[in-house]
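In case you want the letters, here they are:
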Amino acid sequence: ETGVTQSPTHLIKTRGQQVTLRCSSQSGHNTVSWYQQALGQGPQFIFQYYREEENGRGNFPPRFSGLQFPNYSSELNVNALELDDSALYLCASSLGETTGTDTQYFGPGTRLTVL
Amino acid sequence: AQSVTQLGSHVSVSEGALVLLRCNYSSSVPPYLFWYVQYPNQGLQLLLKYTSAATLVKGINGFEAEFKKSETSFHLTKPSAHMRDAAEYFCAVSGWNFNKFYFGSGTKLNVKP
Numbered sequence: 008e009t010g011v012t013q014s015p016t017h018l019i020k021t022r023g024q025q026v027t028l029r030c031s032s033q034s035g036h037n038t039v040s041w042y043q044q045a046l047g048q049g050p051q052f053i054f055q056y057y058r059e060e061e062n063g064r065g066n067f068p069p070r071f072s073g074l075q076f077p078n079y080s081s082e083l084n085v086n087a088l089e090l091d092d093s094a095l096y097l098c099a100s101s102l103g104e105t106t107g108t109d110t111q112y113f114g115p116g117t118r119l120t121v122l
Numbered sequence: 031a032q033s034v035t036q037l038g039s040h041v042s043v044s045e046g047a048l049v050l051l052r053c054n055y056s057s058s059v060p061p062y063l064f065w066y067v068q069y070p071n072q073g074l075q076l077l078l079k080y081t082s083a084a085t086l087v088k089g090i091n092g093f094e095a096e097f098k099k100s101e102t103s104f105h106l107t108k109p110s111a112h113m114r115d116a117a118e119y120f121c122a123v124s125g126w127n128f129n130k131f132y133f134g135s136g137t138k139l140n141v142k143p
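Residue numbers (our numbering), protein chains in the order written: chain U, 8 to 122; chain F, 31 to 143.
Hint data in this document are derived by calculation from the structure and do not stem from the laboratory.
The beta carbon of each residue, even a glycine, is placed where N, CA and C say it ideally should be.
Worth double-checking, as some hints may not be accurate.
[Claimed, not checked] Taking beta-carbon pairs under 10 angstroms as the criterion, some of the chain U residues facing chain F (in silico):
1. Val11
2. His36
3. Thr38
4. Gly49
5. Pro50
6. Gln51
7. Tyr57
8. Gly63
9. Gly65
10. Phe76
11. Pro77
12. Phe113
[Unchecked claim] Listed below are several chain U residues computed to face chain F (Cβ distance under 8 angstroms; list not exhaustive):
13. Pro15
14. His17
15. Thr27
16. Ser40
17. Gln48
18. Phe52
19. Gln55
20. Ala94
21. Leu97
22. Thr110
23. Gly114
[Said to hold, decoys possible] Stretch by stretch, here's where chain U covers chain F in the computed footprint (C-beta under 8 angstroms, at least three residues):
24. 74-84
25. 129-141
The whole structure should be built from the sequences, with the hints applied where relevant.
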């Protein structure tokens, strides 16, 4: 049990819609990272927030955005959904500002299906 | 640029046999390397990490990995497989000043009785 929770567990949307996924980090963890894991692939880094500011981003378009709140909760928002956005979305929390050395604690993920 | 390559998307071993999961990395800076395990319907869990200290790293559940700079490898091993080791294993790379994390495509380990 990592203490990182995500909601909802599963979600079905249609192409063009918008979606918000939620994550509750482990208490005291100032960094949250979001990953997209397509079927049969490894997680792909979307972005990272440290104390409510984005401080790292992978190769994802601007329609992927996020928010981090002082209460250790965070959101991943995806606009104009495309079929290829269907994936497992993982959030991970860690203590420090630099993910490179820290241990990340992952939630169980949200399975998004875009029809 | 940083990346990892995991050789073998599926590995099958008998219970009690040696487990060897391969990971090769590419990094423009001294890498930090990680192995994570993902059990069905669970989040990823850290097995072990290399952050430029000892090159042989011991992790949880009897796993260990050796950083070999000359071979750009960080293979994961366990002397004796157990049924509970059946899961998917991911190698990942980052760097000391990096706020990005790069995972490999994963290796599914099957343990036969």
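Hints and how they fare:
| no. | hint | result |
| --- | --- | --- |
| 1 | Val11 | 7 angstroms, holds |
| 2 | His36 | 14 angstroms, violated |
| 3 | Thr38 | 8 angstroms, holds |
| 4 | Gly49 | 4 angstroms, holds |
| 5 | Pro50 | 5 angstroms, holds |
| 6 | Gln51 | 7 angstroms, holds |
| 7 | Tyr57 | 8 angstroms, holds |
| 8 | Gly63 | 3 angstroms, holds |
| 9 | Gly65 | 6 angstroms, holds |
| 10 | Phe76 | 19 angstroms, violated |
| 11 | Pro77 | 20 angstroms, violated |
| 12 | Phe113 | 4 angstroms, holds |
| 13 | Pro15 | 14 angstroms, violated |
| 14 | His17 | 11 angstroms, violated |
| 15 | Thr27 | 20 angstroms, violated |
| 16 | Ser40 | 7 angstroms, holds |
| 17 | Gln48 | 6 angstroms, holds |
| 18 | Phe52 | 5 angstroms, holds |
| 19 | Gln55 | 5 angstroms, holds |
| 20 | Ala94 | 13 angstroms, violated |
| 21 | Leu97 | 7 angstroms, holds |
| 22 | Thr110 | 5 angstroms, holds |
| 23 | Gly114 | 5 angstroms, holds |
| 24 | 74-84 | holds (count 5) |
| 25 | 129-141 | holds (count 8) |
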